[in-house]
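Starting from two chains that each stand alone, build the complex the way the hints lay out.
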Amino acid sequence: MVGTQPLIWRRIPERYRLHGSKCLTCNAEFFPQRQFCPNCRRKGKLVKEHMPMDGTIYSYTYVHSAPEGFEYHVPYFMAIIELKNGVRLMSQLADSEPESVKINASVRMVFRRVHESEAEEAIAYGYKFKVVD
Amino acid sequence: MRSVSVIGAGLSKFGERWETSFRELIYEASLNAMEDARIEGKDIQALYGGSMAPGRLIGQEHIGALIADQLGLNPIPSVRVEAACASGGVALRQAYHAIASDAYDIVAVGGVEKMTEVSTEEVATALGGAGDQEWELFLGATFPAIYALMARRHMLEYGTTEEQMALCSVKNHANAVHNPYAQYRKAISVEQVMESGYIAEPLKLLDCSPITDGAAALILCASDMAKKYSDTPIHIAASAQASDTLALDDRRTLSALEATRYAAKEAFKQAKMTPKDIPLAEVHDCFSIAEIMAIEDLGFFKKGKGGKAVQDGETQLNSRLSINTSGGLKACGHPVGATGIKQAVEITWQLRQQAGKRQVANAEVGLAHNVGGSGATAVVHIFKRGD
Ligand SMILES: [Zn+2]
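As they're listed, the protein sequences go chains A and B. Okay, so the first sequence: first residue is 1 according to the working numbering, each after it adds one. Okay, so the second sequence: first residue is 1 according to the working numbering, each after it adds one.
No wet-lab data here; the hints were simulated from the structure. Cβ atoms here follow ideal geometry from the backbone N, Cα and C, with glycine treated the same way. Mixed in with the good hints there might be a few duds.
Here are some, though not all, of the chain B residues that point toward chain A, as calculated from beta-carbon distances under 10 Å [unchecked claim]: (1) T116; (2) T120; (3) E122; (4) G128; (5) E134; (6) P144; (7) Y147; (8) M150; (9) R153; (10) M194; (11) A200; (12) L203; (13) L205; (14) A240.
So that you can see chain B by itself, here it is in the shape it has in the complex (with noise of 0.2 Å):
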């Protein structure tokens, strides 16, 4: 295979846009990846975009088409892809095997969501259809819910506390405070997360990340072309995806993601590395609960060590291990087909000391991890600086 490395990375700003449309995110997320990438639209030869849900959020199908129209980019190739909350991560992946097989050099991929034209019950409808609808959804389960009920097993069999969940919180949102795009930049307190009242127990409003509308871009190209378009092409050491059950009862332990586990696993084999070698690392975040499971399941810290990791202050901007520098899903916000390319572009902008107040020092690899639903799907890529 084809060695793969981003040599362009862009952000729409993330947030409450009601101003803006669909299709406008699209353009301004592609438009500063294009800019950064100095190339032009007619270098690129495939489109691969992530959108979880835009049928039931917004009445539009047929994504890939309309990415490619509105990017004045006909009549290339243009896929749309889904995986609920991993649609950018599993799109990203879908981008690096095109050029990794040889069929592409140049290809642009992104991810897009749009949720404030629906109510807060019609979002939590769409994002239920990430679960199981007619074993989960039907009966009443929501995505605050399913992770809820993962925290109290969570709480049972290690001792996690929801101060530490909390935790989780506050540090991301005090990362957030440095990051331009991200929807809430204002530090929040423990106080105010064990306050901010119940959603679904032990789970508070702000243990979950919020409604966003936002896009994310990258491109990418073979690594032995790189250096003409970009000064520090960041190389993809690593893609991993792995499937679990849809439903969440169907697993055999509610306190871990298996498929975290063996995509983790399967992208450290790839990229001849361990989590030791691992400084930097934006994991998904889509509740605080999912921030301590991740940190354990990717093997930065022991299974049930992962809230005494984050209330030790481990997973601080520039401690042991930065976790979310970005602010994570919790405070840059969840738009959510664009969270796993909006990972993948944090991780480029720290790799090339691009990230302002928020850059990890001497940063020369960095991790993503992006999951679907419940972690019916994760997907990990490891990012290298180039050469």
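Bound conformation, chain A alone (with noise of 0.2 Å):
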């Protein structure tokens, strides 16, 4: 599992506070960062963008065999959120009971440590997503 200091530092603005991007050219947003808009390329003009915090779940699935760096984690939710701006990003679920786990369901961003590489004795932080009533 790659998972090393500088790129644990590196991506502190959008794994802490789901920084993304915006065109302002196009006006679509972004998340991870991007440097060039894909709909406008060089016309496109990008500029930082704060994340909704909250949003539902597009889909999901209950993980129960882990790659490196998990295997102490299982079982655990992995979902696709749909943020209230459209984008959607991949996430782990915290805190959320197995049964309140559904499509559609809403979701709000919580701040947790997503992983932990003994190797390089790393521990990255960042969002997960919480089922809320």
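Shown next as structure tokens:
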């Protein structure tokens, strides 16, 4: 698992604060940040944009078999979250009763430990989402 | 562009080949393909080899040079091609263009992966690199999880069921019984799939393709010279490829692979055919849901009707459309870099009427569909029996 300190630090604005991008030319919003608007390419003008912290579950799965670094986390929910602005992102779900995890359930971002790399002695923190009533 | 034909096809045995090295797998498949084409090493002018993750799986890079060296073919040029699980299909397309563009007359193209040298977790991590490392794998999303997210949407939008998905695996195992190269030559039941335990819900162990060692190889030749080497050259009627976002969450839809749709549309245009002209296809069933999406996105069945088609037996051997006669990735095995070439080998054997008990009657045209990652790359080839 790749997860070095520089990588973790570099991604803090996105992983801690959901900083994405907005294109001033076509108004499209993106997460994670992009350097180039795929709609406008060189005519685009991207600026930093805070993503909303609320959204709904677009799809989800309960993961029983994990990659390296997540062996002790199973089972856990992975979901595609559709944020209020329509932007979708992949996230784990936290603190959510399995019965409450459904497509279209409302979710809000929470700040959690995402992953630890023993080899790198690095702990990555960032967003997870929690089902809210 | 010049017309290109397959004049030789060969596989290594697929499976957990603990006794066999990466190099030996290449040798096994290549020798079979060269003997099949009745050519000598000196006839081959260039090499292309698909391999996804040898750096992570066996600690080896520089695979192009390794292949030329292993086959005793120095100093001809040799290129490794990487496009995740579509490495083989993309390598085939590069080799096809090398002849179509008049640069060479005869080239060899192969694919190889040695996956049993490391732990299952390490394989999951290596394959995770086919998605978005920083925004999927880093957060804990494995490939089964990514396809499970697609499956969930497909079930919601079209009513596809876990039983329909299970039936893909059942059919593919039934086909593999007749394939001597397959990893699992054993029939399974729907009940066995349903009880096989969740990997990433709703996908269970027997919805997932296995970890496999294997290699596959083809010899390609300019069509106007092909009769010199083969009594039954197989013409490549189309070669198309398309790209999509690396990460699943950036897609407009999760219940279709847009890259497959684009590649298929382009391939049918090149071949001047429609999906109705295809009686036989090898599609990329890395997971059972992927086969259902593939038969829809390739245009064989209406969107959302794939699960029903499988349930009604329309994709079984010698039914309306024989899908994955080799056993597919699920039962023949999925040595990722080799898969795209193995699909073309199976179609070649079928069109030459050499497929034994899994032979599709009177097949004159066949299609191969190879996907990288969660659909960021898709490759479609159409093959036709030469005249
Ligand atoms: Zn724009």
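If you test the structure against every hint from before, which numbers come out violated?
Of the numbered hints given earlier, those the structure breaks are 1, 10, 14, listed in rising order.
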